[in-house]
Every structure is written in structure tokens, then in C-alpha cells.
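Please model the entire structure based on the sequences and the hints provided.
Chains as they are written, first to last, in UniProt numbering: chain U, 1 to 138; chain D, 1 to 210.
Please note that a few of the clues may not be correct.
Heads up, simulated DMTMM-like pairs for lysine to aspartate or glutamate below, C-alpha to C-alpha not over 20 Å straight-line [claimed, not checked]: (1) U:K77 / D:E140; (2) U:K33 / D:D33; (3) D:K82 / D:D137; (4) D:K151 / U:E46; (5) D:K91 / D:D137; (6) D:K91 / U:E92; (7) U:K51 / U:E109.
The set of hints was computed from the structure by calculation and includes no laboratory data.
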Amino acid sequence: MMSMNRRMLSKEDEEAVGDEIEVRREDQDKINKFSRLHSHETLIEEELKVKNKEKEELDDITTELELADEDDIVPYKVGDAFFHIPLSQAQEMLGVSTAKIEGEIEELEDKLGSIREEMTQLKVELYARFGRTINLEV
Amino acid sequence: MASKGKEAAAVASKKDAATPSNPRGIPYAPFVDKVEDYVTSRADVEPTLRSFQEMIAKYQFMEQNLQKRVAGLKDKLPDIQKTLDTVRFLKLRTDESDPIETTFELNPTLYAKAEIPPTDEVYLWLGANVMLAYPIDEAETMLDSKHQAAKQSLSNCEEDLDFLREQITTMEVAVARVYNWDVVQKRKEKDEEEKSKGKGKGKEQDTPGG
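Here's what the structure looks like:
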């Protein structure tokens with residue numbers, strides 16, 4: 001609800017602003033959209049944190065496995081169970097998982113980028129109309 | 001007084017019926033273009049505000065229910081994914097002849113070893129104390145479609161939640177505007193009262209927006 005976070009105006013502010021600026025349908029739509037984008041932004045940021053951590057872990061394991069013996073059998077987690085598989089197969093599966101998560105991270109970052117772009121544009125428009133009577137900062 | 005309030009509510013609900021709803025049938029909140037469309041006198045303010053608050057409460061009720069559903073789906077999705085991953089892994093092994101050694105979770109914090117021979121049949125827990133044997137391909141198809149369905153349902157719920165939040169914001173703005181209208185009106189009345197009493201002084205401030 002940050003977009004609705006209008007602070008109370010002091011008497012001086014009220015005089016400086018003069019007549020209340022009318023909220024038109026299109027203004028309301030913009031405020032709603034900004035609010036929605038902001039909550040999406042937060043959600044995606046959290047999701048990205050989780051995914052990045054997962055990727056880091058996968059990278060760590062990949063490095064770790066490079067030191068392993070070629071004939072080693074490694075317990076690899078699939079679902080809730082560990083399957084004991086040869087090193088080469090584990091490395092292959094690890095590669096697939098890493099590629100998958102990298103794809104997901106890229107997708108999320110793209111989404112985040114376009115959300116932020118849209119928010120910047122909306123901020124410009126809303127501040128131009130409402131000036132100090134609206135507060136769009138976190 | 002009360003009848004005027006009902007009229008205002010009727011206007012609100014009529015607008016409600018005329019405006020379309022979202023894909024899952026949740027109605028749009030009426031947008032208050034002019035406060036005067038809803039309140040014509042200060043007596044209308046209270047019933048109008050009450051009817052607006054009622055609508056907000058309804059939207060919030062739907063919001064809570066959806067939030068619960070979203071939480072449930074977010075719980076379920078990783079479980080389906082895990083089962084699907086395992087089935088797909090087992091499917092890779094159907095051509096092998098040797099069993100594969102596994103360490104599996106017997107209970108939280110307790111693991112046991114098991115040898116799993118290549119299999120083309122898996123057992124899926126369907127709920128209601130029923131477990132059914134599926135050919136591995138069919139199991140994969142079913143789990144995949146369940147996963148897709150759950151994902152779709154989650155994205156619908158999230159879309160609805162966005163929609164509900166917007167309707168609530170719209171109504172909250174409407175409440176604020178009716179309230180402000182009342183404040184301005186009250187100031188006007190007070191000014192007039194003082195003038196009629198002949199006590200109005202020259203230095204009295206103009207009412208902004210009035």
C-alpha cells in the first residue's frame with residue numbers, strides 16, 4: 001500500500017497546494033498499477049535471492065566433484081531420496097540442473113527489469129500530476 | 001436520511017452490476033468520479049461510507065481465502081515436482097538390468113539403504129488412503145498434467161489477488177474522498193453559521209478547496 005501512503009499536509013502545505021487535485025479514473029488506474037508492480041517487484045526479488053543461492057550451491061558442488069575420483073559413486077538427491085550414481089552421471093545431471101536454474105534466473109531478471117522500467121515511467125507521470133501530495137518512495 | 005443512504009447504496013450497486021468482472025467473476029469496484037454522484041448532503045456521508053466499508057470488507061474476505069489457497073498450492077507444487085523428478089529418473093533406468101542402490105528417508109532424520117531394481121511400474125499415492133500402480137509413462141504424464149494444473153491455478157489466484165488489491169485501493173481512495181468532501185462541507189457550514197450570527201471576522205481564513 002505504499003502508493004497510498006499519503007502524508008498529512010500541514011496548513012502551509014495545504015495552502016501551497018491550493019485546491020485538491022482531482023483523482024481521475026486514469027490517475028487511479030496508474031496508482032493501482034504502481035502498487036501492483038511494486039508488490040511484484042518485492043516478490044521477484046525474493047524469488048531471485050532463493051534461486052541465486054541455489055545456483056551458488058550447484059556451482060560449489062560442481063567444483064567439489066571435479067576433485068572426486070572418476071570411479072567414485074556419489075549419492076545424488078532426486079526428490080526425497082539419494083540415488084547412488086557414477087560420478088559422470090552425477091556431473092551430467094548437475095549440468096542439466098545448473099542450466100535450468102540459470103534460465104530461470106535470467107527470466108526473472110528480465111521481468112524485474114521491465115517492471116522497474118514501468119515503475120519509473122509511472123513515477124514521472126504521477127509526480128507530474130500530484131506533486132508533493134503523493135508519496136511513491138519506499 | 002436513511003432512504004437517501006439507500007439510494008446512494010443503490011447507485012453504487014447499480015454501477016457495480018454495469019461494470020464487468022474479472023475472468024473469475026470478481027466484480028470491479030465502482031470508481032467515484034464525482035463525490036456528488038454518491039453524496040448530495042452531509043446526511044448521506046455516513047451511510048455511503050458504511051456501504052463502501054462493507055465492500056472493502058467483502059474484498060478483504062475474498063483476499064484472505066485466496067491467500068490460503070495460494071499457500072496451499074505453494075506447498076503442493078514442490079511435492080509434485082519431487083515426485084515427477086523421481087519418476088523421470090526411474091524411467092531413465094528401465095533398460096538397465098542391475099538394481100540401483102539408494103539412501104532413502106524412512107522417517108525424518110532416519111535414512112535407510114534400499115536396492116531398487118529397474119521398474120516400469122510405480123505406485124502413486126492418490127489420497128483417501130488409496131495407492132495405485134501406474135505404468136511409468138502414464139505416471140509421468142499424470143504428474144506432469146497435475147503440475148501444470150497446479151501452476152495454472154496458482155497464477156490465476158495470484159492474478160485474482162492483484163485484482164482484489166486494486167479494488168480495495170480504489171475503494172479506499174473513494175472513502176478518503178467522501179470523507180474529505182464531508183470535512184470541506186463542515187467547514188462551509190461553520191463559516192455560514194458564524195456569518196449569520198454576525199460574528200464573522202475579517203481575518204477569517206478562506207477554506208481551501210471550498
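For each hint, the structure was consulted:
The straight-line distance between the Cα atoms of K77 of chain U and E140 of chain D is roughly 19 Å, inside the 20 Å bound, and the hint therefore holds. Restraint check for K33 of chain U and D33 of chain D: satisfied, since their Cα atoms lie roughly 18 Å apart, inside the 20 Å limit. For the hint pairing K82 of chain D with D137 of chain D, the CA-to-CA distance comes to about 16 Å; that is within 20 Å, so the pair holds. Pair hint K151 of chain D plus E46 of chain U holds up; C-alpha atoms about 19 Å apart against a cutoff of 20 Å.
Taking the CA atoms of K91 of chain D and D137 of chain D, the gap is near 8 Å; set against the 20 Å cutoff, the hint holds. Taken as a hint, the K91 of chain D and E92 of chain U pair is honoured in the structure, with Cα atoms around 16 Å apart against an allowance of 20 Å. Taken as a hint, the K51 of chain U and E109 of chain U pair is honoured in the structure, with Cα atoms around 11 Å apart against an allowance of 20 Å.
Comparing the model with each numbered hint stated earlier shows that all of them hold.
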